[in-house]
Every structure is written in structure tokens, then in C-alpha cells.
Amino acid sequence: MFRGRDIVSIKEITPKEMDKIFEVAEEMIPIAQSAERSSLLQGYVLANLFFEPSTRTRLSFESAMSKLGGHVIGFANPSATSLAKGETLADTIRMVDEYSDVIVIRHPYEGSARLAADFAKHPVINAGDGAGQHPTQTLLDLFTVKREFGHIKDLNVGLIGDLKYGRTVHSLTYVLSNLGANLYLISPSLLRMPKHIIRELKTKPLETEKIENVLPELDVLYVTRIQKERFPDPNEYRKVAGIYRITPKLLENAKRHAIVMHPLPRVDEISPEVDATPHARYFLQAFYGVPVRMALLALVLGVI
Amino acid sequence: MTEQILKVQKIKNGIVIDHIPCGLALKVLKILGIERDIGSTVSMVMHVKSKYGWKDIVKIEDRFLEEKELDKIALVAPTATVNIIQNYKVVKKHRVKVPEHIIGIVKCTNPKCITNQREPITPEFYTVSKDPLIIKCRYCERDMEADEIIENII
Ligand SMILES: [Zn+2]
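Residue numbers (the numbering used here), protein chains in the order written: chain A, 1 to 304; chain B, 1 to 154.
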């Protein structure tokens, strides 16, 4: 069901397919930890096309492919690309498609992964397109929650920070709601989740500006960065920058088993002292990016 | 189409676009590319009484519509009907229908959408809802609503 599939938008992956991805990712964990060796993707070439920098995602894909014995070609520096010379993305993709078996693309324009999928014969995996989709991030977020609790249904999940501009958080919200989680949306009113996103949710989320109001109920607290570059108006940014800061003191009111997640990099929305608390899961979450991407690569290449 | 309105300006051959929502007749002409003299008679009636309120009507002599143009009209005036006139008689009458899949008719409003860059692709949308009209870009997945759609017909 995955061989040759493009992974462009999370909405195209059914809950059943997600379970399959997570099942394979689970098996990939010992390989990702180098406790086992694998040559599953030996002889395969991954083209890692990063038209904008995203070190974390790029390294995670490189690690995933390498641990399965495959090779990685590509670029990380947009100014070195042919795009800088005026070549269309469509042409770049058609050329790279001839050199590789699977293409991973990160691009500043929204919808560029869909375009790549239209032009490539080989599977294309979207590693983030502008403020658009970032399905592998969503999958690793869900995998983290699922591994921790064994299920997603009926969990109380709080999303905090920029719920307006961050479209990755929109995709995550959509899927969490689809899978039956109870959602708590915590943001300043300036950064509330757009109405058209809320309209698509299965159940009505609880919206609040104050984390203290809902923290004791949460199983998962998903923290997002408030990114300056997303704001059309710098004055708006100044009003909300640094509004939330997760500290061990604040977490004293959290459930004992509650976990704190973050897509990283963090700036100051989670204090470093939280790292040592039993709640911190963001580094483990980052690690899960590798087995989840290993699973996707193996699945779309049809080797399992 | 009442007898009385036909009398305003009967046409021999051509089309009558009826039941256009009030105020949108000019938009309909614009999307059909009628912005100056096209060498045949065009008439437009705005704000006429109809059974259900008020409407606009457009009549164009010696002009027929392609499928694509019907789709364009549907996006601007989903309630419209198009009557084909031959020899002063209505020979065919069709209600326009909002297409499920819209290709090469509307431009995406998102400046960061890949379809707005120099790429060899045609803008493509899916209809999310017909009433109110909402369409979703197949590439950037942004939604566009009726007023934005009207401004961005290609
Ligand atoms: Zn678009």
C-alpha cells in the first residue's frame, strides 16, 4: 500500500496507514540506536533537496537512510542550487529523479512538494514546504505520543504558543482530533487558531489564554515556538514574544505522567531546567524522527 | 425568462445569462473577456425583479460558450442559468454547475504558492463547499472564498 507513494500531506494518510508506519518505525528503533545493523536499503539513493536550511530535518533523513545502508546525495545550501541560476523546480526535479530512487524536498514555497511529486517518477517525501505541510514532523509527533501512552484517543492534549501562523501545528491538530484526542488550545488572542481550522475538527477544542487554567488536566503539552519571521507586523510580534515559558515550577501542577513536547529548536519557551524533569520528551521526540523516517523510506521504496 | 424581459432586447442568436446575483453582471462580462466592443450586441440589465428577489441579466448576440466559460460563470454566479437562443427561441437551457475540480480557471491568492512562481504548472483547485463557495488549492492547500475567487479568475 506504500510502494511508490508520495508523502506530501498528512491528510492523505489514513489512521490505518499511520498504524502501519508506526509498527515499522517500532521495528526500526534498535537499528536507529545502532543496536542492530541493517542493509535494507543498500544500493538505493536518496536525494535530499534542501532549498532552505533545516539542519535537523536534513540530518534526520540522512541518518535514517544511512542506517539502512542506503546512500544520500543532495544539497543543503540554497545558493548553491540550480534554482539560484534560474532553473525551474520542475526541471531540477526531473533531473534529480534520474539520479535517485526517492526524493526528499524542503522548499520555501508552499505546494512545492506537490509539484515535485507531479514531475518525479520516484516517490517524493515532503520535508516542509514554506508555512505549508510537514507530514514527517506530524508523524513523529504522533509516534511519540502513541509510544508514550499506547493510544491517542481520549488523551488530553494541549497545544501552546503560535497556533495561528504555524501550519504544522494545524496539521497536527487536525490529525489529533481525527484520532479522538481532546484538544486544549492555549495562545494569546492574537495567535489563536484560525476558525477554518477549528471548523474542520471533530470535536470542539477548549480555547484559553492561560496555561494555568488547563495544565492540571493535560497528558501532553505540545509547545511551539513563536517565530518572528511569521509575523507580517513586527509590533504584533513584540506584544506576544516570550509570553509563555514552561518551567519546573509551572510543571508542579501538571499530572505526574504528563509529557512536554516541542518540535525544536526551542528558544526560551521551555527553560533548560525542564530537561531534567520526568516530563521532558522533546529530545526523545527528535530521536523518533529517525525511526519514523526509516519506516517511511523503507515503505515507499517497497522493500518491506 | 418572462416575455416582458425578452422584449427589452430580443436577440436572434446567442446567449442569455439569467439569474445572475445582483451586482455581478459586470463580473460575468469581465470573465467572458467582454470589456470593450466585441462587434456584436451585448446588453446588460441590472437589478431586475425576479420571482425570488432581484437579479442581473446579460445577453450576448452571436456568442456561444465553451465548457470552461460555463465553469467560470458558475464560480462567479452559481445561481445563473444560461439560455442558448437560436432564431429568437430558447433551444437549450442549462443551469451552471460549480465543478468539483477546477483547472486553469482561477489563480491562487497565496503569493507564496508554487503556482505563482515561474513553473510549468496550471493552477488547480478542489471544491470544498458549494454554498458558501470555498475552493482549495491542490498545491498550497489554502482555501479561497467567493469574493477572492471572483477577483482571481484567469
Ligand atoms: Zn496555492
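Mixed in with the good hints, there may be bad ones.
[Stated by the list, open to error] Lysine to any residue pairs mimicking SDA-like chemistry, simulated, CA-CA at most 25 Å apart:
hint: 1; chain 1: A; residue 1: LYS202; chain 2: B; residue 2: ASP131
hint: 2; chain 1: B; residue 1: LYS107; chain 2: A; residue 2: GLU87
hint: 3; chain 1: B; residue 1: LYS130; chain 2: A; residue 2: LYS239
hint: 4; chain 1: A; residue 1: LYS121; chain 2: B; residue 2: LYS10
hint: 5; chain 1: A; residue 1: LYS202; chain 2: B; residue 2: LEU32
hint: 6; chain 1: B; residue 1: LYS27; chain 2: B; residue 2: LEU70
hint: 7; chain 1: B; residue 1: LYS136; chain 2: A; residue 2: ASP118
hint: 8; chain 1: A; residue 1: LYS204; chain 2: B; residue 2: LYS30
hint: 9; chain 1: A; residue 1: LYS239; chain 2: A; residue 2: LYS202
hint: 10; chain 1: B; residue 1: LYS107; chain 2: B; residue 2: VAL91
hint: 11; chain 1: B; residue 1: LYS136; chain 2: A; residue 2: SER271
hint: 12; chain 1: B; residue 1: LYS12; chain 2: B; residue 2: PRO99
hint: 13; chain 1: A; residue 1: LYS195; chain 2: B; residue 2: LYS27
hint: 14; chain 1: B; residue 1: LYS130; chain 2: A; residue 2: TYR174
hint: 15; chain 1: A; residue 1: LYS195; chain 2: B; residue 2: ALA146
hint: 16; chain 1: B; residue 1: LYS107; chain 2: A; residue 2: SER9
hint: 17; chain 1: B; residue 1: LYS107; chain 2: A; residue 2: LYS204
hint: 18; chain 1: A; residue 1: LYS204; chain 2: B; residue 2: ILE84
hint: 19; chain 1: B; residue 1: LYS107; chain 2: A; residue 2: LYS202
hint: 20; chain 1: B; residue 1: LYS68; chain 2: B; residue 2: LEU32
hint: 21; chain 1: B; residue 1: LYS107; chain 2: A; residue 2: TYR165
hint: 22; chain 1: B; residue 1: LYS136; chain 2: A; residue 2: ARG5
hint: 23; chain 1: B; residue 1: LYS107; chain 2: A; residue 2: SER271
hint: 24; chain 1: B; residue 1: LYS49; chain 2: B; residue 2: GLN117
[Unchecked claim] Derived list of chain A stretches under chain B, where covered just means 3 residues or more per stretch with a C-beta under 8 Å from a C-beta of chain B:
hint: 25; region: 109 to 123
hint: 26; region: 126 to 133
[Said to hold, decoys possible] Chain B is nowhere near these chain A residues, computed Cβ spacing over 10 Å in every case:
hint: 27; residue: ASP6
hint: 28; residue: THR14
hint: 29; residue: GLU17
hint: 30; residue: SER54
hint: 31; residue: GLU62
hint: 32; residue: HIS71
hint: 33; residue: ARG147
hint: 34; residue: GLU148
hint: 35; residue: LYS153
hint: 36; residue: ASN156
hint: 37; residue: ASN182
hint: 38; residue: HIS196
hint: 39; residue: ILE198
hint: 40; residue: GLU217
Don't read these hints as lab results, they were simulated from the structure.
Where is the CB? At the ideal position from N, CA and C, for every residue including glycine.
Now for the hints, and whether the structure bears them out:
no., hint, result
1, A:LYS202 <-> B:ASP131, "holds (21 Å)"
2, B:LYS107 <-> A:GLU87, "holds (22 Å)"
3, B:LYS130 <-> A:LYS239, "violated (39 Å)"
4, A:LYS121 <-> B:LYS10, "violated (56 Å)"
5, A:LYS202 <-> B:LEU32, "violated (41 Å)"
6, B:LYS27 <-> B:LEU70, "holds (14 Å)"
7, B:LYS136 <-> A:ASP118, "holds (17 Å)"
8, A:LYS204 <-> B:LYS30, "violated (42 Å)"
9, A:LYS239 <-> A:LYS202, "violated (32 Å)"
10, B:LYS107 <-> B:VAL91, "violated (34 Å)"
11, B:LYS136 <-> A:SER271, "violated (39 Å)"
12, B:LYS12 <-> B:PRO99, "violated (30 Å)"
13, A:LYS195 <-> B:LYS27, "violated (29 Å)"
14, B:LYS130 <-> A:TYR174, "holds (22 Å)"
15, A:LYS195 <-> B:ALA146, "holds (17 Å)"
16, B:LYS107 <-> A:SER9, "holds (21 Å)"
17, B:LYS107 <-> A:LYS204, "violated (33 Å)"
18, A:LYS204 <-> B:ILE84, "violated (48 Å)"
19, B:LYS107 <-> A:LYS202, "violated (31 Å)"
20, B:LYS68 <-> B:LEU32, "holds (10 Å)"
21, B:LYS107 <-> A:TYR165, "holds (22 Å)"
22, B:LYS136 <-> A:ARG5, "holds (22 Å)"
23, B:LYS107 <-> A:SER271, "violated (45 Å)"
24, B:LYS49 <-> B:GLN117, "violated (45 Å)"
25, 109 to 123, "holds (count 7)"
26, 126 to 133, "holds (count 5)"
27, ASP6, "holds (13 Å)"
28, THR14, "holds (18 Å)"
29, GLU17, "holds (19 Å)"
30, SER54, "holds (16 Å)"
31, GLU62, "holds (25 Å)"
32, HIS71, "holds (28 Å)"
33, ARG147, "holds (28 Å)"
34, GLU148, "holds (29 Å)"
35, LYS153, "holds (26 Å)"
36, ASN156, "holds (28 Å)"
37, ASN182, "holds (26 Å)"
38, HIS196, "violated (6 Å)"
39, ILE198, "holds (13 Å)"
40, GLU217, "holds (32 Å)"
Violated hints, in rising order: 3, 4, 5, 8, 9, 10, 11, 12, 13, 17, 18, 19, 23, 24 and 38; the structure is consistent with all others.
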